[in-house]
Every structure is written in structure tokens, then in C-alpha cells.
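Colleague: From just these sequences and the hints, can you work out the full model?
Just so you know, the sequences run in chain order H and F. Using our numbering, the final residue of the first sequence is 397, and nothing's skipped along the way. Using our numbering, the final residue of the second sequence is 741, and nothing's skipped along the way.
Each hint should be verified, as a subset may be incorrect.
[Said to hold, decoys possible] PhoX-like mimics (lysine-lysine), calculated; alpha carbons at most 20 Å apart, straight line:
no., chain 1, residue 1, chain 2, residue 2
1, H, K132, H, K182
2, H, K60, H, K184
3, F, K633, H, K161
4, F, K584, H, K125
5, H, K132, F, K633
6, H, K197, H, K138
7, H, K161, H, K125
8, H, K60, H, K182
9, H, K125, H, K182
Derived from the structure by calculation, the hints contain no laboratory data.
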Amino acid sequence: MSDTGATGTAARSSGASATRKRWEPWNDPSERPHVQIANLTKRFGDFVAVDDISLDIYRKEFFSLLGPSGCGKTTLLRMLAGFELPSSGQILLEGEDMSGVPPYERPVNMMFQSYALFPHMNVEKNIAFGLKQDGVPKPEIERRVAEVIEMVQLNAFAKRKPHQLSGGQRQRVALARSLVKKPKMLLLDEPLGALDKNLRTQTQFELMNIQEETGITFVIVTHDQEEAMTVSSRIAVMDHGKIVQVSTPAELYEYPNSRYVADFIGEVNILEGRVDSREGDHLMIQSSEAGCAIQTGPSADEPVGRQVWIAVRPEKLSISLEAPASTPSSTWVNCLAGEVWDIGYLGNLSIYHVKLDNGKMVTATQANMARLIERPITWEDRVYLTWAPDAAVVLLN
Amino acid sequence: MPEPSQDPAPGEKIAYLGGGSASSGFFTGLHARLLLFAPYRLFVLLLVEMGFSGRSLVIAIPYLWLLAFFLAPFLIVLKISLAEVIVAQPPYTPLFVFIEDGFIAIQASLENYLFLMEDSLYWKSYVSSLRISLISTILALLIGYPIAYGMIRAPKRWRFALLMMVILPFWTSFLIRVYAWIGILKKEGLLNLALTQLGLISEPLTILNTDIAVFIGIVYSYLPFMILPLYANLEKMDLGLLEAAADLGCRPIKAFWVITVPLSLPGIVAGCFLVFIPALGEFVIPDLLGGSQTLMIGKTLWSEFFNNRDWPLSSAVAVILLLVLVLPIVLFQRMQERSTRAEG
Ligand SMILES: Nc1ncnc2c1ncn2[C@@H]1O[C@H](COP(=O)(O)OP(=O)(O)O)[C@@H](O)[C@H]1O
Ligand SMILES: [Mg+2]
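Modeller: Dropping the structure here:
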């Protein structure tokens, strides 16, 4: 099972990345959103769980809601399914207002975090349940159930009850049960949360395959940024009931709009500073934390003296034993000086934790390209970290 | 019981017995549970002192326990049921009679049982008892299920209060509560008073001393036995299942029938048996609330025993009642075992 899954995945993802470049309905003004969420708010008493969220999701997207536990992801999803009534705001599905439409009449299905399989029904009956409610004729039920059972590879377990299945198998039943009705939108609440690491990665790719095959719009909730990066067409990063940024995984990584996002997605070094001057299309930043002047890439104008943060990913820092040529250290630009505090050797990568002269810790990673380095960088070496002006992002909050 | 410090041997032996063998799981479990019960512990100690030991005890002791407190009284009743009435103390003929040459004769007859079959009063009582307890059980289920369901759907902070409202009446005397119903149901009682005041009826209803009063009494008295197992069962149910059903297009009322009810079946069965079994032998309620035409076997037994002083005949009635009850009790045990096994 894992063999075929893996090869299928590899073939698909290379193809997908090629098509995905062009497939960007969110940038196409003529495209109508599949789901429109407008100023949606949910209060529990005084507590605001979802705070004035507006969001457009397009047909066939694999859309992720990413954020730490308790930030309101499940609440947002439950409002889409109809289990929670919004305190204010609107949800439009294909232009149709969903308020007042009970869960059992919404063309939307949900895969529950707990799976919520019916314990007194076997796998087949669990999956057939939704079709039966719609009065689908028996032969068609049988055909469609067999189809999804095939898709999630549960053929051998069709007659088993949920308590006779492993966690991974239950997860598949839950997925099959929510897929079989071919909903307009499938909501998945931490679908892989209960699986162990290996099974999780494998299942992520299977989910992507299934999404591609069925063409159903997926909205998935997760608190695992790697998972979100792997599967999503776009990700909405949430914090305390608000959406902080909605972007493709690559944009989110390369152009985070806040320290919160930069920090949440992958590793990042953040240096605080103030705008010193503007030179051409870029800014010069004075940063005592960095101990040097920082030149930014092309960026918007900011008033002199404004506090900003410079975010640099570890892999964008190059590490060297040699100080930059000539000039006295006071005139250095984009160069951090410090001492190697710790090294993590990962085979393909080395991670250097460098303690700057003012005590701040910075992380740099470097691909180990040459097998033999004449003078490898080692503990307590004095090193210099430099980066290209447009490798860093200027953050205003 | 001897202090373990003075005489460690018995304590150790008990511990050993409790730990018992793996093969006889049922008896070991029963034994271990019963050991928590002081008189039983004493009884075991006694047997250990008498030289019984080891595995055989683990199996034998629960049997001996049943023998002492269930089988022995039963045998005594059985013995009396085979005797004849005489005016004496005790008021029945002995089973064993010494005759002159040192021989012992057994003097037993099935006459009482034959009489039970001949006189329609008895089998009518049995049938009527079955009918009354069956109807009461169904009524208790119909009333108890919505109450139990309401309790689990109520806000969590209310649950304890609601549970107490179910349990609290147990803390007053059963007899007093049944007497109170007389005050409510009689011709000039509270119910009739309220109904006439409200203008719903012009003539007071005759409820007391009818079968209806017996149903009311039984359902009222045994309702907690229905509600508590149902509550315990329903409380375990994942309410997310109902959301899942709704999500898949199932309306709430249908979800109740296809999800909630099937999942609560063990609770329904337990509740029904807990009401049906004691209701079948009920004496107080039909006696106080029922009329002269209300036939229940408990009442028949009482009058045979105390009014007619016919101990042998009433013993025969009791033996048959027990046989009638054995079937549902065995069924109940079987269901309980199956549901615990399914959970474990
Ligand atoms: N029914 C409810 N009543 C009160 N507070 C709730 C309820 N449901 C969720 N919350 C609160 O709303 C916040 C967001 O919850 P949730 O959407 O489950 O977060 P997430 O799925 O992102 O972990 C949490 O602080 C939670 O305590
Ligand atoms: Mg959640």
C-alpha cells in the first residue's frame, strides 16, 4: 500500500507544482469565490472566539486554517458546517447565504477531529449512512460505497466495526464517510492529528491525491505548519480569532507580513531596528541588536525613526570565517559578527547557533556541499554572517 | 477478625486467595469483590482456619455463600411446600418422620402444586402479575427515557441537582411514599380536587383501588431504577455522533432513532429488568393502592400465608414465583456479562 502510494505521490506532486503556478484563482478577478466568509464573528459570552473574519475560498482549493491551539479554527469550521451560529457576519456558499440552513441541509461534509464513527455500524454502514439519508437508490449506494472504500484502501475491513480497527483505519473510514456524498466542500478538523509521524506524512500525500481526484474543495484545520505547507494551495494563519495572513505556502514563507507569521512558519532570525534613511528604492536600518547597518531590498517608504523588524531565514545567512574586506567594522552593512555557540550536524545541512557580540543568538544553516572542508567551522570560532539585501523581509509589527 | 500483626497467616491466605488463579476469572473476580464485604471476609477466614485452601476455595466460596444465603432458604421453602397444613407449631407436617423400627419415612406430596393448577385464582394471579409488571415496565420506560435523555442534554452544572432529584425520594420510607399516593388519588384527594377546581371534570374520578392506581404506584416507585441505568448509559454516549449524523443529512428526530436508541439498548434492557423483576413480586403497592379485584401474586401469597395460615400452599406459590423470575434474571445476567465484555 505504501509503495504504490509513494510512487503515485511523487509523480503527482511534480506535475502539480507545474500546474499550480498557473492555477491561482484568487489572483483572477473574473473568478467567483466558492465560499465567501464576510465579517464572521463568534462570541461565547464575553469571549470572542472568531473575530470579524473575511475570507474567500475558491473551487478545488486545498485551503488550510493554521494557528495555535485555541485560536478559533474549530469554531470557524463548525460555523461553516452549521453547528455553531455566527454572532454576526455571513457565509455564502456558491453565492447562497447559509444562515438559517441547518447542518443536515448543507451541501457540506465534515470529518471530525474525533472521527465520530457510529460504533454500532460496520465500516460499510458508516459510509453508506449519508447516502441513505438522501434516499439514494440501493444499487447506487452500494456502488459509491465500494468506490470510496477502494479509494481509501479499506476493502478488507468493510464488515468490521469501528472498535475492531486501528487509529489509521478509523481515520480512513471517517474520510470515506465524509467523501462519499461528494460535498461541495469538505471540512477536515485536524484530520491527521491522532496519527503517528510516519503515517501522518504518508496520509498527507494521500489526502492531496484524493483531493485532486475528486475535485472537492477542502478546508482543513491544523496546528502543524509543516502539514499546512505540504498540502495547501493557500493557508490562512490565525491568531486569537483573527486572520493574520492568507497566502500560498511559498509566499507565507518568503514574505510573511508580521513577526507572528514569520515566527510561526519555519525558523527565522528577527532583528529589531529603526529606519535611518532612504537610499533609492531601499531603506537603511540602524540596528543595535544586529550591531551593524542593514540595507533592505526594494521596499515601501517608511518615516525615519520608525521601529521595524528585519526577518532573515537561517538558510539565507552565509557563514564565513573571514571578516568582510577592508572597511572598519563600524561601516559594515548586513554583516553580523559573533562566536559559534553550537553546531547541529544533520548530514545534508549544518545548523550554526551563533552568539553575537551583544549576546543575541542567531541561527544560520548551510548546505554541506563539499565533503571535505579544509578548515571546518567549529565551536567558539569567530564567524561573520552576511546576507543579500533582498533576502530579508521588513516587518512593521 | 484477628489482627494481621498477631496472626499474619489468615491475612496472607486471603490475599493469596484473592490473587487466585487466572483460569477461573469469574469466580476470582466475584471472590475479590466479595472480600471487601466484612461478613464474607470472616466467613472465608473461618473456612481457611478449617483447612480449606487453594484454588478450590476460590471457586467453592462463592458457591457456599450462595448456598448459605440463597439456596438454603430456598430449600426450606421448597420443603415446606411439600408438606400439609396442620394445626400445630409450626403449622405444617414434617418432611421426615421417625417410625417405630428406627426407620425414617419421607412424607412429601405435590398436592399443593396440584392445587395451584386446579384453582384458577393462582394462575390468574401469576398472569395478572406478569401483565401489570410488563405494562408498568413499558410505562416506566416511556417516562424514564425522556427524563434520562433530558438530564444528559441539560447543562453540566444542573446534572448533579437533577440526579439528586431522582435519588432523593429514596431517602424517605417507601411505605410513606405509597401511603401519600392514597392521599393524592382518593375520591376527595388532591388530584380530584385539582381537576375539579380547574373545571376539567365535574365528577371525581375513581382511581384509587383500581389497576390504574397500581400502575401509578409501581411506575412511581421504580422509576429511578429505570432512569439511573439509562442515565449512566446515555451519559457515555458521544454527542459528537449526533452532530456527525446531522452533518451527513440526518434530521435530529431520525438521528435519535437510528443513533441514540440503538446505542442505549444496554441501558434500556438493564432498566427494564430492574423494574420488571421487583414489580413482579410486589405486594405493598397492590395491597395499598389496588382494589379487591387487583390480582397480584405477591398479594395472593401474603393472604395465603397470614390470613389462611397455609404455609405449605404459600410456599408452593413462592417456589413457582421464583421459577417464573429465574428466566428473566438469567437473561439479565447474560446481557450484563455481554455488555461488560463488549466494553472491556
Ligand atoms: N462552546 C463553547 N463555549 C465557550 N467557549 C468555547 C466554546 N467552543 C470553543 N470555545 C473557546 O473558543 C476558543 C477557540 O476554540 P477552538 O475553535 O476549538 O480552537 P482551536 O480549534 O483553534 O484549537 C477556545 O478558547 C475555546 O475555549
Ligand atoms: Mg480544534
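Colleague: Does each hint fit the structure? Answer for all of them.
Modeller: Taking the hints in turn, this is what the structure says about them:
A threshold of 20 Å between alpha carbons decides the hint, and for H/K132 with H/K182 the separation of about 14 Å falls inside it, so the pair holds. Proposed proximity of H/K60 and H/K184 is supported: the alpha carbons are some 9 Å apart, at most 20 Å. Proximity of F/K633 to H/K161 is assessed by CA-CA distance (about 18 Å); at most 20 Å being required, the pair is judged to hold. Pair hint F/K584 plus H/K125 does not hold up; C-alpha atoms about 56 Å apart against a cutoff of 20 Å.
Among the hinted pairs, H/K132 with F/K633 is inconsistent with the structure: their alpha-carbon atoms are about 26 Å apart, more than 20 Å. Taking the CA atoms of H/K197 and H/K138, the gap is near 39 Å; set against the 20 Å cutoff, the hint is violated. Annotation: proposed proximity of H/K161 to H/K125 holds, straight-line Cα distance about 9 Å (limit 20 Å). A hinted pair counts as satisfied when its Cα atoms are at most 20 Å apart, and H/K60 with H/K182 qualifies at roughly 12 Å.
About 17 Å separates the Cα atoms of H/K125 and H/K182, which keeps this hinted pair within 20 Å; it holds.
Hints 4, 5 and 6 from the earlier list are contradicted by this structure; the remaining hints agree with it.
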